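Novice: Next come the chains, spelled out residue by residue.
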Amino acid sequence: MPVLSILIVLPLVGAIVVGLLPRHRTELVYPIALAMSIPPLAAALHILWYFNAGDASFQFGEHIVLVESFGISWTLAVDGISLFMVVLTALLFPISIAASHSITDRAKTYMVLMLILETGVLGVFLSLDLFVFFAFFEIVLIPMYLLISMWGSENRAYASLKFVLFTAVGSAFLLASIVALGVLTGEQLGTLVNFDFRNMLSVEFSSTTELALFVGFAIAFAIKIPLFPFHTWLPDAHTEAPTAGSVILAGVLLKMGTYGFLRFNLTLFPQAAVDLAIPLAILGVIGIVYGAAVAIVQPDIKRLIAYSSVSHMGFIVLGTFALTTQGLSGSVVLMISHGLTTGALFLLIGMVYERTHTRKIADYGGLAKVMPVYAGIFLFSAFASAGLPGLSGFIGEFTILIGAYLSLPVLTIIAGSGVILAAIYLLWAYERVFTGPVTNSKLEGLKDLGFREVAILAPLIVLIIGIGVYPKPVFDRVEPSVEIILDRIEAETEFEVPEFARVSDLVDIDYEAEREVSDHDDGEEG
Amino acid sequence: MTDLLWLVVALPLLGAVINLLFGKRIGEPISGWLAFGFVAISWAIAVPATLSFVTGSGHTETIYLFSWIPAIGVDAAILWDPLSALMTMIVTGIGSLIHLYSIGYMRGDERYPRFFAFMNLFIASMMILVLAANYAVMFVGWELVGLSSYLLISFWFTKPSAAAAGKKAFIVNRIGDWGFIVALMIIFISFGTFDFHTVFASAPTAITVGTATAITLLLFVGAAGKSAQLPLHIWLPDAMEGPTPVSALIHAATMVTAGVFMIARSAVLFEMAPVAGAIVAVVGTATALLAALIAISQTDIKKVLAYSTISQLGYMVLGVGVGAYTAGIFHLTTHAFFKALLFLGAGSVIHAMADEQDMRKMGGLRKNMPITFITMGAAWLAISGIFPFSGFWSKDEILAATFAKGGGFILLWGVGLLVALLTAFYMTRLFVMTFLGKPRWSGDVQPHESPATMTIPLVVLGFFTVSVGLINTPVRLAFEHFLESSFEGVAHIEALTFGSFSILATVALVVAVVGIAWAWPKYNTDELPAEDGKFWQRSLLAFGVDEIYGRTIVAPGKKASEWAADSMDPKVIDGAAHGIGRGISGFGSVLGKMQTGQVRGYAGVLAVAGAILIIVFVVVGGGF
Amino acid sequence: MQNASFLPVAFEVIQLAGALLVLLVGVIAGKQRRVWAPIAGVTFLASAGAGVLQWRAVSEGSGGFFFSTQELEIMRSPMVVMDGLSAFAAIVLGLVGFVALLGSWDLVASLGKRSSEFVALTLLAVAGLHMMTVTPNLVVIFIGLETASISFYVLAGFIRGSRKSDESALKYFLLGSLASAMFLYGVALTFAATGSLSIYGVNSIRDFFSITIITEPGILLAGLALMFVGLFFKISAAPFHQWAPDVYQGAPSGAVGLMAAGVKIAGFAALARIFIGGFVSQTDVWVPIVAVVAAISMIVGTTMALVQTDLKRLLAYSGVAHSGYLLAAMVGGIRGIPPMWFYVSTYAFMIVGAFTIVSVVCGPASTAAPIDSFKGLAKRSPEMGWLLAIIMFGMSGMPFFAGFVGKVFAFVVAGEAGYMWLVVIGTLTTVVGFAFYLRVVSGIFSSGDDDDREIDPSLSARFAIVISAVATVLFGIVPWPLLDVVREALPF
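Chains as they are written, first to last, in numbering that gives the first Met the number 0: chain A, 0 to 525; chain B, 0 to 623; chain C, 0 to 491.
Rather than coming from a laboratory, the hints here were simulated on the basis of the structure.
It should be emphasised that the depicted structure is a prediction, and the values quoted were computed from it without experimental measurement.
There may be inaccurate statements among the hints.
[To be verified] Result set (SDA-like, lysine to any residue): computed pairs, CA atoms no more than 20 Å apart in a straight line:
1) Lys378(C) / Lys471(A)
2) Lys359(A) / Lys471(A)
3) Lys158(B) / Arg106(B)
4) Lys158(B) / Ser152(A)
5) Lys558(B) / Ser152(A)
6) Lys471(A) / Tyr63(B)
7) Lys163(C) / Gly596(B)
8) Lys163(C) / Arg599(B)
9) Lys368(A) / Pro159(B)
10) Lys592(B) / Asp309(C)
11) Lys23(B) / Asp447(A)
12) Lys378(C) / Ser152(A)
[To be verified] Chain B side only, calculated, beta carbon under 8 Å to chain A, not exhaustive:
13) Trp5
14) Phe65
15) Pro69
16) Ile174
17) Asp176
18) Ile572
19) Asp573
Heads up, the beta-carbon is just placed ideally off N, CA and C, and yes, glycines get one too.
Given these sequences and hints, build the entire structure.
Specialist: Here you go:
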């Protein structure tokens, strides 16, 4: 069963169903759109369930030649890296759609765009043909652009155009690089052009070509992530986007960049990746500190979270270009975690925005008195975002820091200061919005979160805790895929992935034996 | 016995979850009793396992629970040794007493269940910290106690000062955590594991002195944050914004001692890095002195106790710094009892005075609150170092160990003595201003003794305050033997002879008595002495450290952030992007100038372009 | 080969017959335009049908050369060639003509008595356009070019009493004549150098190159250059594009669609026929120059489009850029022809749809179409708003719209040919393109000003727009059928 194709098509089917709803039955739009976003989630969970943990190879592969003369094929597969991106996407979309209850203006269009967007994002994470990958990478711009420009706030025209143009500049380099790569692959294979990722692995480049192609890919992904100094589109886009748009933007769209780094830059251009690792890691670290510092003084809560994303994504880039197993696995976990925590924060901001229609921090104060449940969940998400141990963000950040220290100690020590700054901007914002006496009379009498709203947030909260307490299932699937990337880098270049000192075998610990026994028990249960 | 130890963490956590989710439905006071129950059961579970160490039948164990972060080989595991057993006893024991106390103290608070949820969360976090079998899990507890502390300090969040204090505590702690994290990085790169057992067993062979110094100094940065050492001490006084039981439990007895505990836990590493140890000792001493100098002028009863806590933590840090780990932990233990008692007593007073915290408006309370008076009196003598109260023993051990180290440490010993003098002075001042002399409160306040749930803990703590010092006297070093296996591989400090110990103890005792004798007549008067000298004023303002930080770090930092937000992003980066856009449009406009609409012009362009094309063709194609 | 066959010239014959019939009926039935409306429609569809038959014949192997000057076994200077290129051109021109006619029906309806002339000219123009693609003889190509051009000169100035329209027509005529003259001179020089006017057959240009090594290529090169100038002018490649914006703006909106689309189709088919079919051995000479012109067109087209405030001018300049992308495909030689076909045929539908919407919103005879008048279009008519947005996305080269496939394939063949710098310029100008296409889209979905007049396009216009939008989306999502077809649409 071509389960991956089905997964990609399901949201599109949903979009068509919603689109065909009779014009006057507006009340049907929300429930049907929500219902239509569930099958993709089910399909994604099916994939997650049957995914063979510990297996580094691509799974659920599909391969159909589309245009032979141009070497284009419909090649889909998942590995440990894309698996979680797919599941995250399939999870965040129903949640964002569920959170869009208040959209009544052109609701049908809105839902159709959301579902189309889902198809696009899933396509990005699943495609292994670079032509198709690029098509999905680019198409995501349109629904997102329309979502911002049709349902955004005051400055939406500027923000949406800025979003598209910044990203498209990156795409321009990406496309040129993909074309060149396709031609080179074709030459290698003896065909005209070929865009199959798997065939590209055997291509050998001259060092300048490799560098140029790497840079082409890197610019696109750096803007998408966004890496300092390409980040200025993000705060604007977030501020203007409707809630669901922000959730999806931060939750999955940014991950397309980090995913691209892992999947393409590191895998296809190992030598260039090794050569340029330090400059990129530096940009990542600048992003961590800079994003956090700017977040501190933002007067708009959504902008604040947007800048915090810049900071978090910096961690992911640092982890990626540390080129250690720990760094890379940590990056993937942080990608998941950032999707959950930032998603939750944007949902929360959206919920209160629906009540007050302001995002200005100065307009708030003492909200915790009025909306205690809301305040509690917000604080939880804020701490999760700030990397509190026991919650998902910590697992990612900590693993990255440990892994990155191995190869880039100085940078990592600087990056560590991100934990301080994160506490400052989140807690200061919390202080201003939620504590103290209620100063703004508009806030009095606001209703606390209702059942529907809590239900929307609940899956995120559960996963944030779940991954924070027991991330092993994630690591078990991510690590093999990450390791083959590093194996390839080691095989193709002089670079040696630094190893940690292993002193444990020097010391005789009886509890090691005990641990094996318990592992064994686990195995039997599973 | 140790199989159930995970419950010591799990039960308070369960209590926290229950109270968080269903607290409102459970209501007051059942939610409080529930929370107390969970902690008390935890304590009960840990008791037999602890006693096994006392009887000598117990042995150090690592209990594997589950694999936590496989990427860096971190397991969730418990290290059960005398040190963690001791800490468990202190945390769950004093913790349950304070829970009990809070049932009465928090009565009528509208977020009563929430308070107990947070308190339970704190106990669970603290247990993670002390039971951790590796640095990573310890860091989890480390951070979670920070979280609980934040939640509890800003519990009365409608008060802006409380909210700000909670935030400040967390942020300052995070600065320390940064050091801790970097230390963790170096530990992992050097050992490939965080596991205590492996790290300590292999440290002497696996790392150099330089590495050990780096690790220990960075760990100390973390410890300084949590244990409020210079220059990160500024959060603790503000933390008094929290409810008083919180101050007693978290900001006196348990959480703030985590730094000391962590250093003691890492004793093997500190042993390898004498330079780091010396720095730790110096910082501890300086902290003790500065805090004591501030404590003598404070008028808020809780502030006095807060600075006194910082000062006492300085002692502990001095102790572990000079390598007297047992002494440091011993002082941690005795301090936990008497400082908790002092805070609870202060809370009882504040409660009775209708939330008045200014000592200048108290006085003469001994008749109204006899139990509080007596128990606090015991604590006063204990902290002042009066024989044979607990503080005397533990403080003297630290001072003796410092003295024994000789060399420059003699100076530290001298400062330590000075601090002892100051301690006796300000505690006497507090005690006298509060309980003796004439009442200075206004008529509508009716001080009364607190209810039983509050006084029972006072009495229990009072008993220990008096007696607990006796577990480790130069005559009978039971405590030291108890902890021996935890400090395996750590060189013993050469014990002083009984004679020289007696001399040192006598000197300290004399100093303490002098301090009391100096303060007693000064404050046991009808009219309080005016404290408006320059020194007093500066001391009252804690020597302006907060302000200095504000000027040198906070304000410039904020300015830099604002520059980035208001100039760098919109002007430089976006400016460049807009510039490119404008450049392209400008190019278009320039080209547009050629679009004159005149046929002549167009024809000319056509002709010229055609001509160029011909020339290019001929030139390019000339060769074929 | 069946020389007597009517099929190879069926397109032209049907168009001419249709044109004559329309004029005749116009005289007899006076204002009864309902009578000749179906005639014109049927003519276009019949032409397209003829194209289909030609296509079938070609794929069955019965394509070839016809109407030779001498009946010899070996062909000698054939006048007509029936191959994939010409057959596909017939299909596309027939269909685009049909859609364009639907789109311009509002204009036709407003013309009253002169409407039959308009329709007849349209039919004639398309006949001329196809003639450019169906012949291997350079002079016949010129004749086709002129037939079409003259019809278009007239169409551009068809609105009487409109100064703008007149000016537009005159400008087009003067400059167009200059370009035609240059083309013709190029043909003459080519003849002088090679002794042949035909691409195929005995003593043809191909023959000439296969047996001769030119030592003094100056005259030939000048000839090639001049032919390029003529065709570059017609397809409005920069810097030979300056007429386009003025003419597009001045001409009635209803007529521009066909002008823009038809000339591009025929112009590129002719370029492919002459240079890839005929001067394939001179590839090294002309490809670099085409690449440079492509780059200039992309840059000039997009930057100029960026600063326009009038949609018609914007579309004109974007057409310059599109010519650049199409020329990038030509850089790939024979391999570039399928992408070129895919691109130009989908572009033709999009541009026809776009100008139809312009004529719906601003009026069929309008000469100005300020972008501001499209503000809030989605509010006035969600249908028109979305359709225009789709067409704009299609033109901008967004994936899953038709423009993407053609553009990327053009880049791919250019890359294969080693012109990576051209690909980079192409992708970057595409981004600049997003800026102005999305400005239009933003306007469509913005709240707009007070203008809330309902827009109610006629059925025919609606039909035309829907067809082009559907084509834009369909060939974007499922490009394979068309890609399979264009793979065969090659010259001999």
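Novice: Now, for every hint given, state plainly whether the structure supports it.
Specialist: Here's how the hints hold up against the structure:
| no. | hint | verdict |
| --- | --- | --- |
| 1 | Lys378(C) / Lys471(A) | violated, 52 Å |
| 2 | Lys359(A) / Lys471(A) | violated, 40 Å |
| 3 | Lys158(B) / Arg106(B) | holds, 19 Å |
| 4 | Lys158(B) / Ser152(A) | violated, 34 Å |
| 5 | Lys558(B) / Ser152(A) | violated, 29 Å |
| 6 | Lys471(A) / Tyr63(B) | holds, 15 Å |
| 7 | Lys163(C) / Gly596(B) | holds, 11 Å |
| 8 | Lys163(C) / Arg599(B) | holds, 17 Å |
| 9 | Lys368(A) / Pro159(B) | holds, 13 Å |
| 10 | Lys592(B) / Asp309(C) | holds, 16 Å |
| 11 | Lys23(B) / Asp447(A) | holds, 15 Å |
| 12 | Lys378(C) / Ser152(A) | holds, 18 Å |
| 13 | Trp5 | violated, 13 Å |
| 14 | Phe65 | holds, 7 Å |
| 15 | Pro69 | holds, 5 Å |
| 16 | Ile174 | holds, 5 Å |
| 17 | Asp176 | holds, 6 Å |
| 18 | Ile572 | holds, 5 Å |
| 19 | Asp573 | holds, 5 Å |
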